[in-house]
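*Asks:* Residue numbers (numbering that gives the first Met the number 0), protein chains in the order written: chain L, 0 to 121; chain U, 0 to 123.
Hint data in this document are derived by calculation from the structure and do not stem from the laboratory. Keep in mind that the hints are not guaranteed to be accurate.
[What the hints assert, rightly or not] Below, a list of computed lysine to any residue pairs in the SDA-like style, where the Cα atoms sit at most 25 Å apart: (1) U:66 / U:45; (2) U:57 / L:43; (3) U:66 / L:35; (4) U:97 / U:118; (5) U:57 / L:40.
[Stated by the list, open to error] Covered stretches of chain U (in silico footprint by chain L; criterion: 3 or more residues with CB under 8 Å from a CB of chain L, positions within the stretch not fixed): (6) 22 to 30; (7) 35 to 44; (8) 73 to 85.
Note that the Cβ used here is the ideal one computed from N, Cα and C, for glycine as well.
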Amino acid sequence: MVTNVTNLSRSGLYDWMVQRVSAIVLGAYFIFMMGYFITHPGLTYADWHALFSGTGMRIFSLMAIVALGAHAWVGMWTITTDYLTEQAIGNKAVVVRFSVQALCGFAMFAYVVWGIQILWGL
Amino acid sequence: MNSKRPVNLDLRTIKLPLPAYTSILHRISGVILFVGIAFLLCALDSSLSSEEGFNSVKETMSHPFAKFITWGLLSALIYHFVAGVKHLLLDIDIADGKESGLLASKVTLAVSVLLILIAGVWVW
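If we strip away everything but chain L, and leave its shape as in the complex, we get:
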């Protein structure tokens, strides 16, 4: 049994919803990018730069990165609370689980900031 103090919203239903909505954004972004790569076989820097210079594309990309942060947080939280338990790894479980979750949280924050810098640093 894991005491839930580290979940995103203190509400399982809200976390569930965040994961579904972010999944749809990420799915749409994946399909769009694959479609772009398939229809642009000999991709040049000019095309690539022009794509990410558009405001619409920047908004879509930032949305995908924020969705990624939320989606991955809920996912990694679920995985860590399921497997890094006292039953599985013993009495250090709380420390290990919290450390892994903190590392995940830091990585997601870094991804979002890095993404903003890439998109608006052009």
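Using the hints provided, position chain U relative to the given structure of chain L.
*Replies:* Chain U alone, transformed into the frame defined by chain L:
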């Protein structure tokens, strides 16, 4: 709370049905993608920084090892996407029965394998 209460669901002692394995694979592919995103952001960063950066990413991507990694990440993405669609269908009560769930898991694996093979051909 009574800490001596019985605990079930010790995954190491339970024989799991196929849908459980497709679900666990969904989690594993998710973790792979979470780590892989760092490499994708790295590639996006240099490909957008300058023409030289773009060309160096393009050149790096043409190495056989880089192609293998790309294919690996693409495979994780494809599986996570297909299994994710199945999860969304489960939420609206499609394929959540005993037989339909098993069938949906087989379809998920078949569609993923097919798309992963196509992706392999596309990368090489």
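*Asks:* Quick check: which numbered hints come out false for this structure?
*Replies:* 4
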